[in-house]
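Read top to bottom, the protein sequences are chains H and A. So in my numbering, spot 595 of the first sequence is number 595, and the numbers just go up one at a time. So in my numbering, spot 189 of the second sequence is number 189, and the numbers just go up one at a time.
Treat the hints with caution; some may be incorrect.
Distance windows between CB atoms, simulated [to be verified]:
{"#": "1", "chain 1": "H", "residue 1": "S18", "chain 2": "A", "residue 2": "V15", "range": "52 to 58 Å"}
{"#": "2", "chain 1": "H", "residue 1": "P590", "chain 2": "A", "residue 2": "P187", "range": "49 to 55 Å"}
{"#": "3", "chain 1": "H", "residue 1": "T409", "chain 2": "A", "residue 2": "L121", "range": "54 to 60 Å"}
{"#": "4", "chain 1": "A", "residue 1": "F29", "chain 2": "H", "residue 2": "G481", "range": "36 to 42 Å"}
{"#": "5", "chain 1": "A", "residue 1": "L116", "chain 2": "H", "residue 2": "S511", "range": "40 to 46 Å"}
{"#": "6", "chain 1": "A", "residue 1": "F29", "chain 2": "H", "residue 2": "S18", "range": "41 to 47 Å"}
{"#": "7", "chain 1": "A", "residue 1": "L252", "chain 2": "H", "residue 2": "E73", "range": "56 to 62 Å"}
{"#": "8", "chain 1": "H", "residue 1": "T477", "chain 2": "A", "residue 2": "V24", "range": "33 to 39 Å"}
{"#": "9", "chain 1": "H", "residue 1": "G99", "chain 2": "A", "residue 2": "D113", "range": "29 to 35 Å"}
{"#": "10", "chain 1": "H", "residue 1": "P139", "chain 2": "A", "residue 2": "R11", "range": "52 to 58 Å"}
{"#": "11", "chain 1": "A", "residue 1": "V24", "chain 2": "H", "residue 2": "G481", "range": "43 to 49 Å"}
{"#": "12", "chain 1": "H", "residue 1": "G60", "chain 2": "A", "residue 2": "R11", "range": "17 to 23 Å"}
{"#": "13", "chain 1": "H", "residue 1": "V270", "chain 2": "A", "residue 2": "L159", "range": "46 to 52 Å"}
{"#": "14", "chain 1": "H", "residue 1": "G60", "chain 2": "A", "residue 2": "G215", "range": "51 to 57 Å"}
FYI, nobody ran anything at the bench for these hints, they're computed from the structure. Built from N, CA and C at the ideal position, the CB exists for glycine as well.
The lines below spell out each chain.
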Amino acid sequence: MSPPLIVRVERLRVELRSGAPIVEDVSLEVRAGEVLGLVGESGSGKTTVALALLGYARPGCRIAAGAVQVDGEALTGQGEAVLRSLRGRLVSYVPQDPGSALNPSLRVGAAIGDMVRAHAPGRDPGEAALAALARVELPADRAFARRFPHQLSGGQQQRVTIASALVCEPPAVVMDEPTTGLDVVTQAHILEEVDRLRAESGLAVVYVSHDLAVVASIADRIAVMYAGRVVEEGPAAEILARPHHPYTRGLVASIPDHVVPRRLHGIPGVATGVGDRPRGCAFASRCPQRVARCDDEMPELEPASAGHAVRCFEWTRTPTLSLEEPVGARYTAPGTAPLLAVEGLTAVHSSRAGTVVAAEAVSFALAPGECVALVGESGSGKTTIVRCVAGLHVPAAGRVLLDGKPLATRARARTREERRRVQIVFQNPYDSLNPRHRVGDSISRPARILRGLGRAEAEAEVAALLGRVRLPAALATRFPGELSGGERQRVAIARALAAAPDLVVCDEITSALDVSVQAAVLELLAELRQELGLSLLFISHDLGVVASVADRVLVLERGVVCEEGPVAELLAAPTHEYTRRLVAAAPRLPEPVPTGGAR
Amino acid sequence: MTARLRFARTRTGAVGLALLCLVVGIAVFGPFFAPHAPDAPIGITLTGPTADAPLGTDFLGRDVLSRVLWGGRSVLGLAGLATLLAYVAGATVGLVAGHARSLLDPVLMRGADVLLSFPALLFLLVLVTGVGTSKATLVIGVAVVQAPLVARIVRAATLEQSVRGFVEAAVARGERASAILRREILPNIAGPIAADAPLRFTYSIILVASVNFLGLGLQPPAADWALIISENRSGFVLNPWVIFVPAALIALLTISANLVGDSIARTLGVSVGARGRT
C-alpha cells in the first residue's frame, strides 16, 4: 500500500488583481515521506504555488480557483484566522533567505518557542525548542537557544528556520529555495538534513528550486513549471534521464557538470512574463519542435507513461537527451610569455571595524588565449583579486603585470592602451548598465574613450558588437530596464568587447541568471574566444560552470590559493582537502543511465 | 506621459500642481491686472472692500488688491533664486563628497555640519544686521542656510550610486571624475533631488517671508506679501483682508509646493522620511 496522500492541489489558479493569471491549472500530489521538487526559472510561478500551499497569496494577488488540501483539511476558501491556526501546525514554510526571515531581535530559542505557543499550548516552549534544535543537529543547550540570529552562520540560521517549521510536527512542509544563498558545502549538509527528516518522520516535502541539480539530489518526483503551468511531472530519475517536454530537455541540457564537463546548450529566447502570455503554449516561441497549433491551443497535461505526464502536443518528437557530447579540446598554453601575471598579490579591506585580509600572496599567470578560473566560496577573495587586476582596488602588496610590464594600481593611472586591453564584466547585469543610458551609448562609450573612435565609427561598431553577442541591432536605442537579465549581460559583454580587449575579466557573470540563460551566455563566451582569441579571467563559485569554460583553475580558500591545475585533472582528482570538499558537495545530475531508446 | 511627469497623474500631484500654477500665475502675471499703482494712495486708510478697491485699502490708503497682485514676485523670485543657488552649491559639494573616497568627504561634510549648527533664522538676522539689508544678502543668506541640507541629500544619493557596477565600469575605463559625476551619477540621482526640491523651495519661502515680515528684508514702500502683513498688523480689525489674502497666498504656495514634492517622492518610490529635514 502506498503511503497516505498528504498534499493535494487541484487546478490551482492564482491571479493578479487585474485578472492576469500568475499560475494556472496546477495540480500536484505529495505523499507522506515523499519529496516533490518544484522546478522552474524566474517568473515561472513556483514561489506563488509554494505560498498558495499555505493558503497565502502575495499582496496584489489572489487565489482565484482551485483547491489546496493538506492532510484532508482545505487551505483554500478559509478565513485568515483559520488559516493562521493551520499554518505551522498542518503545513509550514521554510523561506529562502534565513537571514531576513529570522527576527534579529529574537533569540532563536524564543523564535522556535513562539511556534509552540501558537499551536501547541500544552507543551513547554523551552523544552520543545531544545528538542527541535536537536532534531536539526544543532547544539540542544540553553546557551545556543539564547543566541541571536546574527551570532549564527548562514547554514545554522537555515537549520533554525527548519527547526521552527518542524517543531509542531506538521505533516507537510514547503521549502522555498532553502539553500540558494548558502555555499555548496553548507547546501549539501542542509540537503542531507532534509532527506533524513523526511525519512524519520514521514514528512511530505515540497521543495521549490530553480536548480535542477539540487532538486535531482533530493526529490522523488519532479514537477517542472514554465510560465505558470506545470509542463512536465514525473519520477525524478525519469524526468532527468528522459525528459519529454522540450523545455525540460533544454533545462537539463543547460546544467553544467563539473565531473563530466560537456558542451552546454542554452534555450534561445526569453520567457514570457505575467500578463503577456500567449493563447497557445507559452513555450512555443522558444521551441524547436513547434507546430501550427502550438500558437493557438494550450496542450493538456497528458500521461506519457505511468506517473509521468507532459504538456506538449509533440512530445513524442522530443529528441533523446544525449549528455555525452564533451567540451571541445582544452586550450593548452603555448610556451610563450604570459599575457597577465599576478605576483604576490595581497589585498585587504579596511574599515572602522578593522582590517580583513581578502587575498594573501596570490600569484598566477595567464597565457594569451587562455581561460583561467578562480574558484571559491563567497568571502574567498576572488572578486577582490579581479578588482585589483581591473584597477578598482589598490592592493596592499604585490603587483599585476600585463605583457611583463607592471600595471599601475589605479585604473586612472594606467595608460589608455593598458585600460583598453583589460576589460571587466560584472556580476550583476541589473547593476552594471546605467539605467539612464541607452544600450547603444553604454556600448559605444568604451569604443570612443579607449579606442578614440569617432561618433559615426562608434555607432557602426555598436551594431557589429550587438550582432557579435547575438542581439538584434535595434536594441541599441533601448534602455536597460526594457531588457531581460540575459540580454543585459550580453550588452555588458558587448561593452567590454567594444574596447577590443586582449583580456576580459568575468566576475561571476552568470550567477544572477537563470540556468538556461547561463548556458546560452557560456556558449556565447566560448564562441567569442574562438572568434577573437580572447583571454579570460573567469570568476565563479560554480564548479560546473568553471569546468565547462576554463582551461586552468585556481582554488581559493580564504584568500589563499590552495590548489591549481588544469581544470579536468583538478576536478577529477583534487588533492587539497578543501577542493575535495567543494567537489564532493557540488550538486550534479545523476550519471546518465545508458538506455537503448528514448522511451 | 513620461515618467518624469507621472506625479501629475496622482490626485495629490494634480491638486498640488494646479494650486502651485495658480499662485505662481498670480505672482507673475498679477501686476498686469492690477487696477491701481501699488504705491499710490487712493483713499482713506483701512477701509473695507469697496467697488474701487475690492479688498479695501491698507494703512496708507493704498489699494490692497493691487499691492497683493504686485507683491508675489519678490517672494517667489527671492526664494526661487536662493533655492537655485543652494542647489548649485550644495549639489556640487554633495557629488564631490559622495564620490571622493578620500579626506575630501569628511572635510566637506564637517564644514556643512558647522553651517547647519547655526539656527537658520538667527543666522539670517545676524547676517542682515551685520552686512546690511539687500536683496543679494537675502538670497545668499537663504542659500547658505539651505546648501548644507542639499549637500547631505545629494551626498547620500551619490554614495549609493557610486558603488554600482556601471560607475565602477566607468572608473575602470579611466573616465575623469567630472565625467563620471555628470554622465553616470547625476542622471540617476535626479529623482531624489526632484522630490526634495519643492520642499527646499517651501523652506526658502518661509525664510524669505519671515525676514521680510521682521522688517529686515525688503523695505517699504516695496509691495511684498510678507511685508504687507507686517505693515498692516495693527489694522487687522479694520480691514481683515489686508492680512488674510497675502497670508493665504503664502500658505497656498508652501502647501502646493509640498504636495508636489510628496507626490514626486511617492511616484519615484523615494520614502518621504528619507528626505532631509526642512
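Structure-based check of each hint:
no.	hint	in the structure
1	H:S18 to A:V15: 52 to 58 Å	violated, 27 Å
2	H:P590 to A:P187: 49 to 55 Å	holds, 50 Å
3	H:T409 to A:L121: 54 to 60 Å	violated, 50 Å
4	A:F29 to H:G481: 36 to 42 Å	holds, 40 Å
5	A:L116 to H:S511: 40 to 46 Å	holds, 43 Å
6	A:F29 to H:S18: 41 to 47 Å	holds, 44 Å
7	A:L252 to H:E73: 56 to 62 Å	holds, 59 Å
8	H:T477 to A:V24: 33 to 39 Å	holds, 36 Å
9	H:G99 to A:D113: 29 to 35 Å	holds, 34 Å
10	H:P139 to A:R11: 52 to 58 Å	holds, 57 Å
11	A:V24 to H:G481: 43 to 49 Å	violated, 33 Å
12	H:G60 to A:R11: 17 to 23 Å	holds, 20 Å
13	H:V270 to A:L159: 46 to 52 Å	violated, 34 Å
14	H:G60 to A:G215: 51 to 57 Å	holds, 56 Å
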